[in-house]
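Asks: For reference, the chains in residue letters:
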Amino acid sequence: MANILIVDDSRTSRRMLRAILEEMGHVVVGEGVNGEDGFLKFKELKPDLVTLDITMPKLDGIEALQLIRKNDPEAKAVMITAAGQRDKMIAAVKYGAAEFITKPYEKEEVEKVLKRIL
Amino acid sequence: MIANIVANYLVNKGLISVEQYSALFDELSKVRAKLGLIAVHEGLMTEYQADTVNMLQATMDMKFGDLAVEKGFLTPDQVQEMLKKQGDPYLSLAQALENMGIMKLTDLDHLMKRYQAENEMSTSSIEALKSDDIERIVPLFMPHDADDYKDIVLIAAKTIMRCVDNNIYPLKAYYADEVEALNGALQFVDGNPCLTTCFCGDGNSLLDIACEFGKEDFPTVNEDALDAVAELINCINGLYASAKSAERIRMELFPPEFDDCIEGIKGPRMLVMPMIVGDKSVNLVFLIGERIEFI
Ligand SMILES: [Mg+2]
Numbered sequence: 001m002a003n004i005l006i007v008d009d010s011r012t013s014r015r016m017l018r019a020i021l022e023e024m025g026h027v028v029v030g031e032g033v034n035g036e037d038g039f040l041k042f043k044e045l046k047p048d049l050v051t052l053d054i055t056m057p058k059l060d061g062i063e064a065l066q067l068i069r070k071n072d073p074e075a076k077a078v079m080i081t082a083a084g085q086r087d088k089m090i091a092a093v094k095y096g097a098a099e100f101i102t103k104p105y106e107k108e109e110v111e112k113v114l115k116r117i118l
Numbered sequence: 001m002i003a004n005i006v007a008n009y010l011v012n013k014g015l016i017s018v019e020q021y022s023a024l025f026d027e028l029s030k031v032r033a034k035l036g037l038i039a040v041h042e043g044l045m046t047e048y049q050a051d052t053v054n055m056l057q058a059t060m061d062m063k064f065g066d067l068a069v070e071k072g073f074l075t076p077d078q079v080q081e082m083l084k085k086q087g088d089p090y091l092s093l094a095q096a097l098e099n100m101g102i103m104k105l106t107d108l109d110h111l112m113k114r115y116q117a118e119n120e121m122s123t124s125s126i127e128a129l130k131s132d133d134i135e136r137i138v139p140l141f142m143p144h145d146a147d148d149y150k151d152i153v154l155i156a157a158k159t160i161m162r163c164v165d166n167n168i169y170p171l172k173a174y175y176a177d178e179v180e181a182l183n184g185a186l187q188f189v190d191g192n193p194c195l196t197t198c199f200c201g202d203g204n205s206l207l208d209i210a211c212e213f214g215k216e217d218f219p220t221v222n223e224d225a226l227d228a229v230a231e232l233i234n235c236i237n238g239l240y241a242s243a244k245s246a247e248r249i250r251m252e253l254f255p256p257e258f259d260d261c262i263e264g265i266k267g268p269r270m271l272v273m274p275m276i277v278g279d280k281s282v283n284l285v286f287l288i289g290e291r292i293e294f295i
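Protein chains in written order, with our numbering: chain G, 1 to 118; chain F, 1 to 295.
The hints are simulated quantities; they were obtained by calculation from the structure and are not laboratory data. Every residue gets a Cβ at the ideal spot worked out from N, C-alpha and C, and that includes glycine. Each statement offered as a hint is correct.
Per the computed footprint, the stretches of chain G lying under chain F, defined by three or more beta-carbons under 8 Å from a beta-carbon of chain F, are:
no.	region
1	9-22
2	75-85
With a straight-line cut-off of 25 Å between C-alpha atoms, the simulated SDA-like cross-links for lysine to any residue are:
no.	chain 1	residue 1	chain 2	residue 2
3	G	Lys-112	F	Lys-215
4	F	Lys-215	G	Glu-23
5	G	Lys-58	F	Asp-260
6	F	Lys-215	G	Thr-102
7	G	Lys-112	G	His-26
8	G	Lys-58	F	Phe-254
9	F	Lys-150	F	Arg-162
10	F	Lys-244	G	Pro-104
11	F	Lys-85	F	Ile-134
Some residues of chain G that are not near chain F, with every Cβ distance over 10 Å (derived):
no.	residue
12	Ala-2
13	Gln-66
14	Asn-71
15	Gly-96
16	Ala-98
17	Phe-100
18	Arg-116
Same shape as in the complex, but just chain G (with noise of 0.2 Å):
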């Protein structure tokens, strides 16, 4: 069980992915609407991992995943992407990105994420 900030801009892709880590029984401590929100959540809540949607308004998810990891080295952070997003996600994984999801949210693929870096 970890504690988990969700940072998406999208209000039905934290409800839908707050959903499905709450019925895999971690707790979601936190939900970021924009990079620059999720960034103070963070330093805020100091939760076990971040999940950070890619394209979001004021900082998105790869600026937010720099100040993120910036403030604390060792961060987890899990990308959220929509297919089609490879320059992003290579970005992401040179700035310490530690897993990615696609979106649609599939509860397996979650699971099977979170197995990985938990």
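Could you slot chain F with the ligand onto chain G? The hints should help.
Replies: This is chain F with the ligand only, laid out in the frame that chain G set:
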């Protein structure tokens, strides 16, 4: 898709009632084309011969194929070939209509000829329609000079079928600089060329998409519902970007926008494809090379 298109045509022509329309889909979910119907369709037996074998079959404990071979109507090889066609979408539709006592295969064939004439379609287009292959059907509803849009329109249709409703079907697409709408969601994708994808509607036409994709019971098409529609568009555009990366075209998804209080959308020569989702018509609008904006 063929079943929806034909069923919709039957309702519009007053040939079936709305009750029969929904009963037809129940029937379709369990029907398989019978050998008698396939034999008539293939021109191997007349309707009268097929009916005769069917009647004999009712009194004897024999399969249709065996009996038709015994009576010399068919060869065993022909029967084997016909068995493979039992799942054919058009023939299954014909069987369902026949089972419900609405019409026989020959009537349906006549009706398709009428549909073909009214829509000025070629025989190969009608064959494409009967194939029930979305890759062949969707382009039939697009303008002839819209080849560039084929990929995005197909990805959108397939993704909606996978994530929202398997029974959608398109209406004739057209170009427009403005489309009236009361609410909508759109996403700009930068690239060379760039693309905007927009779903818009009036009243609650986007509600089914929002509820199904968002897995939530939205009361109306409010901002939360449109957020769900926007995420679906994000998935569609992501898949498009993925397909384009195989052609070495780089695309960047921008955060989607949505608005529940608009007068419409605008953009130079947008491709508008009305799509029937549930019982509502939704406008799927695409523009390659420019932005679409809310008005
Ligand atoms: Mg996003």
